[in-house]
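Student: Use these hints to put chain B onto chain A, whose structure you have.
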Amino acid sequence: NAGVTQTPKFQVLKTGQSMTLQCAQDMNHEYMSWYRQDPGMGLRLIHYSVGAGITDQGEVPNGYNVSRSTTEDFPLRLLSAAPSQTSVYFCASRQLRNTEAFFGQGTRLTVV
Amino acid sequence: DAKTTQPPSMDCAEGRAANLPCNHSTISGNEYVYWYRQIHSQGPQYIIHGLKNNETNEMASLIITEDRKSSTLILPHATLRDTAVYYCIVRGNSGGSNYKLTFGKGTLLTVNP
Chain A
1 NAGVTQTPKF
11 QVLKTGQSMT
21 LQCAQDMNHE
31 YMSWYRQDPG
41 MGLRLIHYSV
51 GAGITDQGEV
61 PNGYNVSRST
71 TEDFPLRLLS
81 AAPSQTSVYF
91 CASRQLRNTE
101 AFFGQGTRLT
111 VV
Chain B
113 DAKTTQPPSM
123 DCAEGRAANL
133 PCNHSTISGN
143 EYVYWYRQIH
153 SQGPQYIIHG
163 LKNNETNEMA
173 SLIITEDRKS
183 STLILPHATL
193 RDTAVYYCIV
203 RGNSGGSNYK
213 LTFGKGTLLT
223 VNP
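Chains A and B, in that order, give the protein sequences.
For the record, in the first sequence the residue sitting at position 36 is 36 according to the numbering used here, with numbers rising by one throughout.
Quick note: to get the numbering used here, add 112 to the position in the second sequence (first position is 1).
No lab work stands behind these hints: they were computed from the structure.
Keep in mind that a hint or two might mislead.
Stated by the list, open to error - Here are the simulated BS3-like pairs of lysine-lysine, each with C-alpha atoms no more than 30 Å apart in a straight line:
(1) A:Lys9 x B:Lys212
(2) B:Lys181 x B:Lys164
(3) B:Lys217 x A:Lys9
(4) B:Lys217 x B:Lys115
(5) B:Lys164 x B:Lys217
Bear in mind the structure is a predicted one, so any value in this text is a computation, not a measurement.
The following block holds chain A by itself, in its conformation from the complex (with noise of 0.2 Å):
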């Protein structure tokens, strides 16, 4: 049983250069979505799914696409990095009702 699966671990962007992070999980959870965590900051909710085909906003959008096709796989699209967008990010699954949710090991993005 892998979990929630992130990759890649490391990356680093040239401003402008556009690219997707993976994330896939294998208890198949209805929830899924993608928080960002910033130096001295908790986790800010960037874009969460509550199945295949359906996906929202959460707290920090801006710059981010997502799609939701199967129910394991969760990737997060970056179209245009930006320096702002330099952070770890976070891939978390879940069942819908009140359980436990679970994280990914994060990736770590630099933009320069």
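Tutor: Structure of chain B alone, referenced to chain A:
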């Protein structure tokens, strides 16, 4: 979702109980109290959650006051590996708020040898 207030930092001696407080005075009747922790550079890890009764699992105990306006997470025998940021989160179970975990800045617990 109800807002939570936690002290920014706490210290605890190794082997002693760590008691981490959380105030959530605006909690509503259908909101649960969740605790997560984040060890440096890792993804957050679920610890425990409860609605109104005290809860215990292999990691910790959760004590919720009768009026539900505050709670305490108890690590009975803290070890150096328990050094982490601990987040207290209140989450509803109706409508859109059911889906979101809103993290504050948490409490940095440092366990000292």
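Student: Compare the structure with each hint and give your call.
Tutor: Status of each hint after checking the structure:
1. A distance of roughly 24 Å separates the Cα atoms of lysine 9 (chain A) and lysine 212 (chain B); the hinted pair therefore holds under the 30 Å criterion.
2. Restraint check for lysine 181 (chain B) and lysine 164 (chain B): satisfied, since their Cα atoms lie roughly 10 Å apart, inside the 30 Å limit.
3. Between lysine 217 (chain B) and lysine 9 (chain A), the direct Cα distance comes to roughly 24 Å. Compliance with the 30 Å bound is thereby established for this hinted pair.
4. Simply put, lysine 217 (chain B) and lysine 115 (chain B) have alpha-carbon atoms about 12 Å apart, close enough for the 30 Å limit, and the pair holds.
5. Proposed proximity of lysine 164 (chain B) and lysine 217 (chain B) is supported: the alpha carbons are some 24 Å apart, at most 30 Å.
Checked against the numbered hints above, the structure violates none of them.
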